[in-house]
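Residue numbers (my numbering), protein chains in the order written: chain A, -13 to 411; chain B, -13 to 411.
If you are wondering where the hints come from, they were derived from the structure by calculation, not from laboratory data.
Be aware that one or more of the hints could be misleading.
Label pairs and their in silico Cβ distance ranges [unchecked claim]:
no., chain 1, residue 1, chain 2, residue 2, range
1, A, A273, B, L143, 26 to 34 Å
2, A, D378, B, D275, 54 to 62 Å
3, B, A142, A, R274, 36 to 44 Å
4, A, P280, B, G32, 34 to 42 Å
5, A, G107, B, S106, 54 to 62 Å
6, A, P167, B, A83, 36 to 44 Å
7, A, R217, B, F185, 22 to 30 Å
8, B, G55, A, L182, 53 to 61 Å
9, B, L143, A, V381, 23 to 31 Å
10, B, P65, A, G212, 29 to 37 Å
11, B, R137, A, L182, 37 to 45 Å
12, A, V409, B, T299, 23 to 31 Å
Now the stretches of chain B that chain A is said to cover, found in silico as 3 or more residues with beta-carbon under 8 Å [stated by the list, open to error]:
no., region
13, 148 to 161
14, 204 to 214
15, 232 to 240
16, 278 to 292
17, 327 to 338
18, 383 to 396
Here the structure is a predicted model, which means the values were calculated and not measured.
Idealized CB from N, CA, C, for every residue including glycine.
2 protein chains.
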Amino acid sequence: MSERAPASASFTVGVRAHNLTRMSDTALFGPDNLPYGLFSTPDSPGHRRLGIRYGDDVLDAGAAALAFGSAHADVLQQPSLNPLMAAGRSVWRAVRAESRSWLTEDVHRETAARHLLPLSGVRLHLPFEVADYVDFYASEQHATNVGRIFRPDDEALTPNWKHLPIGYHGRAGTVVVSGTPVVRPQGQRKPPNEPLPLFGPSRRLDIEAEVGFVVGAPSELGAQVGLDGFRDHVFGVTLLNDWSARDLQAWEYVPLGPFLGKSFATSVSPWITPLEALDAARVAPPARDLPLLPYLDDSAEGLAEGGLDLRLTVRLNGHVIAEPPFSTMYWTAAQQLAHLTVNGASLRTGDLYASGTVSGPEPAQFGSLLELTWGGREPLELPDGKRTFLEDGDVVTLTAWCPGPAGTRLGLGEVTGEVRPAVGA
Amino acid sequence: MSERAPASASFTVGVRAHNLTRMSDTALFGPDNLPYGLFSTPDSPGHRRLGIRYGDDVLDAGAAALAFGSAHADVLQQPSLNPLMAAGRSVWRAVRAESRSWLTEDVHRETAARHLLPLSGVRLHLPFEVADYVDFYASEQHATNVGRIFRPDDEALTPNWKHLPIGYHGRAGTVVVSGTPVVRPQGQRKPPNEPLPLFGPSRRLDIEAEVGFVVGAPSELGAQVGLDGFRDHVFGVTLLNDWSARDLQAWEYVPLGPFLGKSFATSVSPWITPLEALDAARVAPPARDLPLLPYLDDSAEGLAEGGLDLRLTVRLNGHVIAEPPFSTMYWTAAQQLAHLTVNGASLRTGDLYASGTVSGPEPAQFGSLLELTWGGREPLELPDGKRTFLEDGDVVTLTAWCPGPAGTRLGLGEVTGEVRPAVGA
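Based on the provided sequences and hints, a complete structural model is requested.
Spelled out as structure tokens, the structure:
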């Protein structure tokens, strides 16, 4: 069969059963993608099940594993992805190969079809239990833009920026799945001409288009995970919207970093794409301007293609407002993991770390409204009006695709969220 | 019986069974204290049980609850404190009253004694599963000292400091129980006279003496927990050592805050003291220099005694090096919780937030070596030699007591840790 689309009997089951609104998505979730998620059905809403996306369907992975007598049925029958994530790379590979064969091989298709459900008929949940959440700051263009906007009197990049991937811990408990409404946060802001801070709903609510990496295999306290350990520990990839209240952030972030300006919500895809699915998207990161310390030096063979050619799209109320290219990120996910653990910090199953806002060199490639409107000074002209920061009712959607094997394209699970008015406002 | 010490039949069981090394501790953990922990015994090391400390004994709470036919036996028979913590304030009160009666009333003492084990014979574990960990910066003296040492050319306090309790998220996965060795972290540091950062073990490993607050009852995303909600959500209190690598921290922390300089280990007591036990220690915080926004204004009746008169002691290799007074903290734990949630961020059972380093106005009250040695420039003279920052093999121990009912004293569970050499060093 063709590698380009899951045009199989099993796939047809889903297509018949529901209304396809975005036909192009079908091909992006073919047999070379197979991301994992967690779903429930309306007739048994409390029963969360592990699912594998295939075109516009979802495979009930636990039920299929039982039907096929899989040796990995135990981890596939859990109400969370975490047990599969914790099982390690050899199990990830085996389960992926197995489920691909169920969905694509003639002898299995009829059995598999019995465990496929149309995506439109299921509810998708946060796919894994988040342990620690770390947010990096790995785009040179983004860090330069933010430096120019927030600290116009200083050098745009701080002196440490090209020596280490700067990051900080965020709030794991407010990581939410795509589709969760985002309530406009309240808090303190201090306009420059006011003598005292004001309290109220944020007036500069923003998005950050990011890529998140999900840790599967844990590490011991005191052990460092080197660059070559990245693929043994990282299970997969998600899109991530790091919602940001710029006015709260600007007032609070010196000297200990962002806190309430970020902690109200972080949205992730309902689908985690296995790292292995992204092999055809591996690219070399940009040339480094300064020599790196050995634990971050990825110039050696086998490590040099640490970048990923993911093409992101940011839509505001359906209109494309940016197309950030992940391939331009200065620091790679492997470098971020090596840095995160170089002090002996341990990893847990479910640790999530995000790239930081993805911004390419062109203005149409900036991954936040802060940059797209240059601090709110240059509004975006959209068909339904001007925008600086987000208004109540706005819907932001992140999508992405990347090259797959043999000229195909793979999609990452989209992340969407609607802004709701502040509580009591 | 006297309120001052648990001089009861049940208590004698423990005294007979093991060697008391610190007799004074006995009185600090009497019937008005009763902190919770998690223990196992050598004959069944995998069986973690909820314990209540009583003098130098630990009550096997689950077994006692069964024996007494407690209505709360379910939450007391868990291998974690989290279910009890999640059960809410009315259950916390009921369990506390019940266990106090088991330990102190004549009719119950004989039964209770069968479920008391000498503390010296059990192993203590991390008492709860940490959800998110936040570290605040609430001591004016500490923030002033750090500002002077790290940013000598600027105002010591940033302009936001007296308007909001500054805090940031730390790494929950590396919160460890007292007694866990702390491996010296490696990382990047950049001495001012070096052109490039150097890599290696931290040379400025430090401690921070803090008090941690443990959230029991969760809150919904989007809901704010006001000052008056503090006692409904916070289960109890622990001592906390926020180990800090000052050289890593100084190089990395601009612009997004501390990361690897803190994330390698944070030590907490094995005992969580219920908030209710600290009622006699409530005091008014210091006078505020600036008016506060309403969500932080605790001048109203019922909120004004938001401070706690906890007297901390920091020992280095057994020698007292500081006695930080928690009553001097500018921001209270209730204000920190109100701030943490004012943007709608939700709370989870197991959220831990720490006060920040406790430093009083006198040099002998500073809660970190950074301050005690003024950035390493004024070494401490100890009986076994000079110290600026920690050396391998050093043992740091935090203890604290506070006023209890009727002139008694209550102790908090101590936090201790030994510094081990860097990996491969």
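Broken hints, by number: Violated: hints 1, 2, 9, 11, 12, 18.
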